[in-house]
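**Student:** Sequence:
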Amino acid sequence: MNHQEKTRTVAKWGTCIVFAHLADFLSKRTPEGVSAIPAGRAHLFLRLKTKPNTRRLVVIFGAAATRAPGRYPPFFNGVSLSEVLNASVLLFDDVAHQFGDDVSIGWHLGTRDIKIQKIIPTIIEHISSHLQADEIVLTGGSAGGFAALYYGSVVPSTVMVVNPQTDILRYYARHTRNFVSSCFDWTEGKSLESCFTDQVFSLPSYLSGRPPMRAVYLQNDSDTHHLERHAFPLLKALGGWGGPRDASHNGIDFYFRNWGNDHAALPPATYADCVNHILAHGTDGIADILVASLCKHDAARQRQEANVS
1 MNHQEKTRTV AKWGTCIVFA HLADFLSKRT PEGVSAIPAG RAHLFLRLKT KPNTRRLVVI
61 FGAAATRAPG RYPPFFNGVS LSEVLNASVL LFDDVAHQFG DDVSIGWHLG TRDIKIQKII
121 PTIIEHISSH LQADEIVLTG GSAGGFAALY YGSVVPSTVM VVNPQTDILR YYARHTRNFV
181 SSCFDWTEGK SLESCFTDQV FSLPSYLSGR PPMRAVYLQN DSDTHHLERH AFPLLKALGG
241 WGGPRDASHN GIDFYFRNWG NDHAALPPAT YADCVNHILA HGTDGIADIL VASLCKHDAA
301 RQRQEANVS
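Take 1 as the starting number for the sequence shown in the working numbering and just add one per residue.
A portion of the hints provided could be inaccurate.
Below, a list of computed lysine-lysine pairs in the BS3-like style, where the Cα atoms sit at most 30 angstroms apart [unchecked claim]:
| no. | residue 1 | residue 2 |
| --- | --- | --- |
| 1 | K190 | K118 |
| 2 | K118 | K49 |
| 3 | K115 | K296 |
| 4 | K236 | K296 |
| 5 | K296 | K51 |
| 6 | K115 | K12 |
| 7 | K296 | K49 |
| 8 | K51 | K118 |
| 9 | K28 | K12 |
| 10 | K49 | K12 |
| 11 | K49 | K115 |
| 12 | K28 | K51 |
| 13 | K118 | K236 |
Calculated from the structure, these hints are not laboratory results.
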């Protein structure tokens with residue numbers, strides 16, 4: 001991160017505290033706002049917003065970032081969401097974004113030299129400890145959903161994911177190749193799988209051998225790619241039959257509903273309703289909350305459109 005990039009970071013997000021190294025970060029109480037932790041040739045950016053009088057922590061993993069001239073890392077998903085959740089909120093940017101302007105997605109997997117999958121659990125445990133958090137929810141959509149499922153298997157927590165990828169080699173080849181060529185020195189003729197020495201890149205094979213976790217998997221039922229290449233393979237690996245039917249396997253509750261076309265994001269207000277329900281009541285009844293919230297916010301949108309017309 002050069003001086004110019006530091007200036008842009010400060011201008012966009014306010015004060016950014018740059019630590020000397022990971023041990024320096026872990027030796028101190030995490031400050032409010034944006035922190036940068038050196039990680040190899042890059043920095044791991046995170047943003048903490050604390051909420052007084054609560055022992056709850058929500059961790060949000062960013063999804064793919066739109067790369068365009070004038071847009072620079074860090075990219076934080078969930079800034080608006082953090083204002084309405086009944087918890088302190090920790091946001092992670094994906095370190096892969098710093099390895100090329102064409103790298104829009106990295107699944108919080110790290111790079112050949114930056115072992116992010118070992119670093120992030122330590123950071124979450126450090127922050128949850130100083131917040132005295134007794135309830136942790138990990139969440140994310142799409143690529144952020146992959147990360148939430150993985151980290152939820154190693155950090156005691158409840159997980160909520162939306163339209164996640166579950167195997168990066170089943171994702172669109174152009175994006176995967178951009179990622180592995182920039183972050184793992186992949187070249188044509190080399191198998192993509194061989195790039196990963198100790199990184200988890202396929203959740204079906206990984207989670208099928210892990211203890212049960214507490215997770216809610218929300219999938220838009222018109223998103224054919226994520227149904228067929230990500231949700232169904234995970235269901236099958238965990239013992240399910242692999243169809244768009246609500247099911248529970250290995251602690252993961254799968255719900256298939258519709259909230260738009262293809263890879264539509266869950267409406268922000270509904271996302272907040274679902275996470276706040278989990279914080280207050282756990283995962284029981286989440287399907288009813290999802291449907292009721294979608295109906296409520298759709299009705300509000302229709303009334304607003306009618307008033308405009």
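**Student:** Against each hint, give a clear statement of whether it holds in the structure.
**Tutor:** Going through the hints against the structure:
| no. | hint | in the structure |
| --- | --- | --- |
| 1 | K190 - K118 | holds, 26 angstroms |
| 2 | K118 - K49 | holds, 23 angstroms |
| 3 | K115 - K296 | violated, 43 angstroms |
| 4 | K236 - K296 | violated, 33 angstroms |
| 5 | K296 - K51 | holds, 27 angstroms |
| 6 | K115 - K12 | holds, 27 angstroms |
| 7 | K296 - K49 | holds, 28 angstroms |
| 8 | K51 - K118 | holds, 27 angstroms |
| 9 | K28 - K12 | holds, 24 angstroms |
| 10 | K49 - K12 | holds, 16 angstroms |
| 11 | K49 - K115 | holds, 25 angstroms |
| 12 | K28 - K51 | holds, 19 angstroms |
| 13 | K118 - K236 | holds, 27 angstroms |
In terms of the numbered hints stated before, the structure departs from hints 3, 4, listed from lowest to highest.
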